Amino acid sequence: MNYHYNKLGLKVPKDYFKRSREEILGKINLKEKQSNKNHKYSYYYLSIAALFIGTLIFYNFPLNNQNLTEIDSNSPIISTLISGEEITDEYIIEFYSESIVLNEINFGK
Amino acid sequence: MKEGDLLQLLRNPDLKDKGFKLLIDLYQEKIYWMIRKMVLSHDSANDVLQETYIRVFKGIDNFKEKSKLSTWIYRIAYNESIRFLKNESKMKKIELDSKDDNYSKKLFADSFFDADNLSLKFHQILSELSIRQRNIFNMKYFDELKFEEIAKITDININTVKSVYYSVEKKIKKEINELSL
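As they're listed, the protein sequences go chains A and B. Numbering-wise, this note's numbering puts 60 at position 60 of the first sequence, and it's gapless, one number per residue. Numbering-wise, this note's numbering puts 166 at position 166 of the second sequence, and it's gapless, one number per residue.
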């Protein structure tokens with residue numbers, strides 16, 4: 001009974017499975033080719049992106065270095081770091097009092 | 001050919017094509033008939049079958065061997081069929097516990113359907129079952145899958161699968177016997 005009613009009146013076109021096999025293989029080959037093509041495109045776009053980022057970094061570095069040099073070298077803390085001189089509390093207080101008056105304290109950005 | 005040998009072919013980039021041809025030869029018909037009994041029309045079954053094999057091809061490298069290769073392929077086919085039915089009904093979620101109201105309509109609209117009286121009676125009984133009951137019955141009775149495999153394919157507890165199958169089988173036997181009396 002099982003074998004006889006296996007298909008329940010459901011039919012398939014002549015040579016369907018043979019043709020279907022070829023269709024499936026054709027679609028898979030096409031997908032594979034598209035996938036390889038997409039990979040090539042993704043490598044292309046990745047290289048452009050890398051080049052762009054590299055350019056940005058290259059042009060931004062000197063600006064960053066300039067920013068670093070803009071640090072107030074008159075600040076007692078910075079100047080002692082550079083010169084190696086000893087720093088006293090009195091000196092710091094004096095510097096900041098003077099700067100408040102002159103409104104020049106650089107609190108950093 | 002053993003599944004292990006087939007998997008080795010499929011995972012070897014140089015032999016993948018050969019392995020895939022074998023995979024189609026081995027399972028194409030079985031998978032087609034499982035899909036066909038779910039989606040009913042030949043054209044729909046053909047689309048789902050092709051989509052199933054494309055997914056198998058794409059996913060074979062990620063197959064973790066937690067089940068048999070055949071069970072994994074059946075599961076993909078089952079999920080693709082459910083996805084197809086969902087799109088067809090334009091519903092976000094297909095109600096597997098409700099029956100397919102368009103069962104007969106789809107069947108008779110298909111030019112590749114030509115059934116005798118007993119088959120028609122069978123279809124009539126099947127059309128009154130919920131989609132879930134029908135799938136379980138078809139997989140066990142016609143596709144001759146094991147309960148364990150059906151449970152894995154449909155993601156339903158094995159005891160539920162058994163209970164659904166036996167209750168449907170009992171109902172069908174009763175109705176077919178009444179017909180032949």
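Honestly, the hints are just simulated from the structure, not real lab data. Be aware that one or more of the hints could be misleading.
Below, computed lysine to any residue pairings styled on SDA-like, alpha-carbon distance capped at 20 Å [stated by the list, open to error]: (1) A/11 to B/6; (2) A/11 to B/173; (3) B/66 to B/6; (4) A/27 to B/2; (5) A/18 to B/25; (6) B/173 to A/8; (7) A/14 to B/6; (8) B/66 to B/112.
For the chain A half of the interface with chain B, some residues (derived, Cβ under 8 Å), not all of them [unchecked claim]: (9) 12; (10) 14; (11) 15; (12) 27; (13) 31; (14) 47; (15) 48; (16) 49; (17) 53; (18) 57; (19) 93.
The model shown is predicted, which means the values in this text are computed figures rather than measured ones. Cβ coordinates follow ideal geometry from the N, Cα and C atoms, glycine included.
Each hint, compared with the structure:
no.	hint	verdict
1	A/11 to B/6	violated (30 Å)
2	A/11 to B/173	violated (24 Å)
3	B/66 to B/6	holds (16 Å)
4	A/27 to B/2	violated (26 Å)
5	A/18 to B/25	holds (9 Å)
6	B/173 to A/8	holds (16 Å)
7	A/14 to B/6	violated (29 Å)
8	B/66 to B/112	violated (37 Å)
9	12	holds (6 Å)
10	14	violated (11 Å)
11	15	violated (13 Å)
12	27	holds (6 Å)
13	31	holds (6 Å)
14	47	violated (25 Å)
15	48	violated (28 Å)
16	49	violated (26 Å)
17	53	violated (31 Å)
18	57	violated (36 Å)
19	93	violated (69 Å)
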